[in-house]
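Residues per chain are reported as follows:
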Amino acid sequence: MDIATLGGQLLGQIPLGDIVLYLTPFNLFMFAGALIFTTLIAISRTETQVEAEFGSLNDNEVKVGLKEFKIRRFLAVVCGLATAGAMITGDVFNFTLLVALIGIVNIGIVSAVKQIDVLNAAFQYGLIAMIASLPLFGGAAIILASTGTLSILEIAQLSFTTPMMFFASVLLILGIAGETGIAPFYATKAEMFRTPGSPFILIIHLSSLLVIVRAIEILLIINKPF
Amino acid sequence: MIVPEVVPAITVSLFLPALYVALIVGFIALLGISFQKKDVHALILTDIVGVAMLIIVAAVGTDLAEALILPGLVVELAEIMAISEILMSREMRKTGKKVSFMPMPIKMDMEILKTAPNFLSLVLIVYGIFLTGFTGGAVAGVGILFYALARKSRGLPFQLWEGVSGISGVAWCIWLAGFLILFVAPEIWLLGLLMSSFGILLKVASKMGLIGVLGREEFKRN
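First to last, the protein sequences are chains A and B.
To convert, note that position 13 of the first sequence is 13 in the working numbering; the numbers rise steadily by one, no gaps.
To convert, note that position 172 of the second sequence is 172 in the working numbering; the numbers rise steadily by one, no gaps.
If you are wondering where the hints come from, they were derived from the structure by calculation, not from laboratory data.
Just so it is clear, CB atoms sit at the ideal spot from N, CA and C, and this is done for glycine as well.
Where hints are given, some of them may not hold.
Looking from chain A toward chain B, a few residues come up when the C-beta cut is under 8 angstroms (computed) [as the list claims (entries may be wrong)]: (1) ILE107; (2) ILE116; (3) LEU119; (4) ALA141.
In silico PhoX-like links for lysine-lysine, alpha-carbon gap of 20 angstroms or less [stated by the list, open to error]: (5) LYS70/A - LYS114/A; (6) LYS37/B - LYS114/B; (7) LYS67/A - LYS114/A; (8) LYS114/A - LYS94/B; (9) LYS114/A - LYS37/B; (10) LYS63/A - LYS114/A.
These stretches of chain B come out as covered by chain A in the derived footprint (C-beta under 8 angstroms, 3 or more residues) [to be verified]: (11) 39-45; (12) 51-61; (13) 79-90.
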């Protein structure tokens, strides 16, 4: 399955030595989407969570301090930029690296909170993210071993698919699922969304959604099922 | 086809056994994690999974695989540090006690810690600058780390420490700019090479500022 069928017309390439970025409408749309959301996050302020107190008519406000707010905003912007980079990259290696960066930054965003249950969830998510780095980097390494290259443009031109490439793709998707915390591992991440400070928490969601769409494109290019 | 003919057959045939070994190691580590009850033990066992990942990547054995190993190692280290930090802050919040960043089992109040650090760390830093590159940065970094550990009981000069972290950031930018030159304008590769090598020397040497020592309250006293 070639790049033009999946992503629309091939608009151009940015050759940086042996790292070649390719631009299709599909890539550019998701890249621009991630950048717009990152800008929105960079200029927004945190919400204040309001909880009703039990046994009285008062409300309990959970506010985020200025120092914590700054750190969290910085990490959220880094996460957004890493997502944008994963959308535009033309290299399996850079893709895995940026996904691993998203995983670390996601842990960092919630690590400064004071609720014990959120810290618990962040710890479990961190364990899963660390375990998932085995299939993630292992998958990239086996793709390198079975095709001889990591550039997606080069892999798209290969005429054969081997069982090893399929195995590597399975490993890669396992790694991405663990690193971004989607469906089978979602339980480790669900509690993290209860953290106060909403717009920064949303980038955790958005990054995993965009990364999984891009990962499916890359896996289709590698395996050429049709 | 994929493997060049200069590579001996025995080297090629080692790939699959190495892959199986890595998968078995990963499986054993996962079994260990599933049997564990304590969080600390699960965290330590998770590191074995990271070792299995390094085995898979190392089994490929090309220069591209070497480029994958280094970030893999760094990602693994960064994640284990972040998660242990989370674990510590959770336990501190549960029990209400504070924990020192570099806990020492005994009170180290020895004469040598007052006289030696300046000289020893100077020797290490000079030797590191002589080596240059990543190795030199690591040696010089050990010198700085030794200085910090030895002077821990007397309090570190906080202003100086912030300066070291600033140098680290600037050196990192020089390193990145050097790499960008290699990609964008390969004609002036010598400039890019020198910029990145000196950048990484300063960066690795001053990494202490980045592993969280700065943020700790205990280093803020002068």
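Hint check:
1. ILE107: 5 angstroms, holds
2. ILE116: Interface hint status for ILE116/A: holds (6 angstroms vs cutoff 8 angstroms).
3. LEU119: Interface hint status for LEU119/A: holds (4 angstroms vs cutoff 8 angstroms).
4. ALA141: OK, holds: ALA141/A within 8 angstroms of chain B, min 4 angstroms.
5. LYS70/A - LYS114/A: 16 angstroms, holds
6. LYS37/B - LYS114/B: At roughly 43 angstroms apart (the allowed maximum being 20 angstroms), LYS114/B and LYS37/B break the hint.
7. LYS67/A - LYS114/A: Judged against 20 angstroms, a Cα distance of about 14 angstroms means the pair holds.
8. LYS114/A - LYS94/B: 10 angstroms, holds
9. LYS114/A - LYS37/B: Violated - the C-alpha atoms of LYS37/B and LYS114/A are around 24 angstroms apart, more than 20 angstroms.
10. LYS63/A - LYS114/A: Distance of about 11 angstroms is within 20 angstroms: holds.
11. 39-45: holds (count 3)
12. 51-61: holds (count 6)
13. 79-90: The restraint on the segment 79-90 of chain B holds, since 9 of its residues have a Cβ under 8 angstroms from chain A and three suffice.
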